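Given only the sequences and the hints, what does the whole structure look like? Please build it.
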Amino acid sequence: MEIAYTVQPRPDTGVYNAKLGMWLFLASEVMLFGGLFSAYVFLRMGAPPDTWPHGWLSVPLGTLNTLLLAASAVTTLLAWAACKARRFDRFKLHLGLTLILGTIFLGIKGYEYRDKWLHYEVQLKDGRIADGHLVRARTTAETVVLHGRYVADRRELLDGRRKHGPHEELVIPRDQIVRMQNYAPRHNTFMAIYFALTGLHGLHVLGGLVVFAYLWGPGSRLWHVDPEHFTNRVEVAGLFWHFVDLVWIFLFPVLYLT
Amino acid sequence: MQATSTVLPHLKHAEHSEAPGGFWRTYVFSTDHKVIGIQYGLTALCFLLLGFFLILTMRWQIAHPGEPVPVVGWFLEKVLGSPASKGVMSPDLYNMFGAMHGTIMVFLAIVPLAVGAFGNYLIPLMIGANDMAFPRLNMMSYQLYFLGGVVMLASFLIPGGAAQAGWTSYSPLATVIPTDGQTFWLIGMILLITSSLLGSVNIITTIVQLRAPGMTWMRLPFFVWAQLVASFLLLLAFPPLEAAGILQLMDKVAGTSFFLPTGLAVGGATANISGGGSPLLWQHLFWFLAHPEVYVLILPALGIVAEILSNNIRKPLWGYRTMVYAVLTLGFLSFLVWAHHMYLTGMGTRISTFFQTTTIIISIPSVILLTCLLISLWGGSIRINTPMLFALAFLPMFGIGGLTGLPLGFAASDIQLHDTYYVIGHFHYVVAPGTIFALFAGIYYWFPKLTGRRMNEFWGRVHFWCSLLFMNAVFMPMFAQGFAGMLRRMSDGGLSYSTRVAPGVEGTLSDFILGLNNYILWAAVGLGLAQIPFIVNLFRSIWRGEPVRDDNPWQSTTLEWQTPTPPPHGNFLRPPSVHRWAYAYGPRADGTDYLPQSVPESALSGQATRS
Ligand code: HEM
Ligand SMILES: [Cu+2]
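So the protein lines, in turn, are chains W and D. What the first sequence shows, in our numbering, is residues 1 to 258, in sequence order. What the second sequence shows, in our numbering, is residues 259 to 869, in sequence order.
To be clear, the hints were calculated from the coordinates, so they are not data collected in a lab. The structure presented is a predicted model; accordingly, all values stated were derived computationally and were not measured. Treat the hints loosely; a few may be bogus.
What the hints assert, rightly or not - Examples of chain D residues lying across from chain W (beta carbon under 10 Å, computed):
id: 1; residue: Q467
id: 2; residue: A495
id: 3; residue: E500
id: 4; residue: A501
id: 5; residue: A512
id: 6; residue: G513
id: 7; residue: G534
id: 8; residue: V763
Note that beta-carbon positions come from the ideal geometry of N, C-alpha and C, so glycine has one too.
What follows is the structure, given as structure tokens:
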């Protein structure tokens, strides 16, 4: 039993099934990220004055990641074009590049996550706050060692865009600590929505890469049987990838630049 | 004109021609839309029964607070342990059952039955396709749904039990309850949402891509339109709830504060959280889904009723085009009314005004749909049979449900009625004697296509009249209780607000109002008993029902009746083509009173037909 229009487009609608399916799926994805973006707007607008942080994320790294994804969008398109031109070797090359670019993106994202995870805010008994990165090698049962600075008020930490005093090594006896918390999602609403948005986006990137890896590797056998069907698969996976890129184009300014 | 009958003898043939793979591939991991539809249907009917059982024990507790639940009390204690010690339903257990009743009924029973079962089974048949566009995805949708159901059920058995914060799961309450029930609920919901998303992508693609030659948009049966719009609602409204679910899950397990405000105190102590979140945000995201969701509950039902009605009045549906435009409008507007569930949250009068306006506007297409169906009856030569009885009863029941929604749509009157039993009455009229009646109608009507046999007419009518009587006996008194100010979600059924506790105090509940609880209990028991004839009839008729002599026993025009009975894998013996709209009913020169969609013009002897 054959289902109609799995490969050839239906004349009056102009699409084949999987393409329409993907567009519909992307519509739901728009609503998914739309929901999260509205949550971001809602939380930020409702935040009490002097609680929303700025400049906590590394703009150079964010920019680099933006460029990587933008480049991968181009290579994806070229991979599809190569299929259309029936050039299997070029397809392999371009999709391979996409895979590499996407993997580097995830690597950088992972580095940024790790940076936040090792970043601590420590409330001391004398009222001061120590803020900095944990120096793991020197931290013991008695003392915590951070590379950072002391501030008198939490609010001084809110704006990361301004240059502040030099960072130095802070040795803090554990018995002086009231509360110690890293920049994990629970740190504040900004970190929470940052991890939620980029985490979900990262999962999408990962999903896209898995599909691409399949098409690049074992899935490419279909090429030799039915090149047109295979080209369709590349196109549909590419649509998804472009959407994932697009989400990042919104995430970057919203989280890194404002 | 009659197609040669391919009833039953063909059955053996069908099994034979089924893809090799035996029992598992044919019945459990099947990719055939009909098998998947039946899987959805049977699973959803089980959940419907379970949801009813939960509410029945709750109604006992409401009517007789603190008394051991008769008959099943020992069982509850055995399975659930301390929350049901000595067979008495504790307030915690009441909350669990309440939350799970709503969740099960909406997400595991009605939607899977209306969309998963009826949609899956009928849409490809009605549009002349041989299957859904993505058969394997279809199988996955069912499996995810099943898994979601298992997670929900499992949550009853974990320490602390199931979710307790209502099917609406408002934060902070849902987040701060220290047990894991809510976590299970969220994981279950994420599975169910994913299942719905895949299902709706599949349904929409199927309708757009796989319509048979000649099946233009305005020739689609109304049922297909209703399913199309319902699928769009699922597709676009569910993701924000998925987002909200992910955020609430993070609040629960990662310690974030998306929905937890600064300074939140739990049990008298300030919670150890960062704060800065917004409880209102949850409600917005939830109702952005949940209002469209109520239309997902009703639209397939309207579709079923439209098909059965037109078949049994033997004349064209009145205002088919109008109905199509109305249902499209309804689908669109249903995204703009969600905050009418939130008038009392303090979101502000300006926002209230907007949502009052849209809510009143959306009742216009609803009224149009109902009116078209009602006017269709005029001048018809009506055949009365069990499906038709249920379809007819749907009209006034849905009418009551819709009309009682209007006072809720205005903030001024909703302030009085919000969170009272009036609201319970309102939406149950729409969903229970409304949607569920339509689903019953559909089961009686399409049963012969699935099995080649009819369900018993006599017991069908017993089922109908008893259900009609008891449904109204259960829900009508709730309006009175609501007007009297009786709140929903009280495990003692309002006893602590009795006039006896505080004599002479304004607004306390009279003995009459509280007495209705006991009366509703017995009506609910009666409603349960009234389902026995149905269940017996359903299963008995599979093997013992009166065989149909014809592939088209109801003399219907639509394509699903132009298949062998039951339809084999691949559905049609020859690819069908479509020559007219779905409602070519009415007396004809050759003595018949209908003209199937698939009969070509050339096969007719120059008679005028509508197209
Ligand atoms: C067409 C006219 C309708 C109007 C104007 C309307 C209006 C409303 C309003 C304003 C509420 C909120 C009441 C409150 O909480 O204070 C409500 C609740 C509800 N309505 Fe409707 N409604 C209509 C039709 C429907 C339909 C067709 C369905 C479902 C099939 C439905 C299902 C529900 C449900 C489930 C709730 C309660 C949700 C909850 O709080 O748990 N309504 N309705
Ligand atoms: Cu609503």
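Comparing the hints with the structure gives:
1. Q467: Hint holds; D/Q467 Cβ to chain W Cβ min 5 Å, cut 10 Å.
2. A495: Check passed: Cβ of D/A495 comes within 8 Å of chain W, closer than 10 Å.
3. E500: 6 Å, holds
4. A501: 3 Å, holds
5. A512: 5 Å, holds
6. G513: 4 Å, holds
7. G534: 4 Å, holds
8. V763: 38 Å, violated
Of the numbered hints given earlier, the model fails hint 8 alone.
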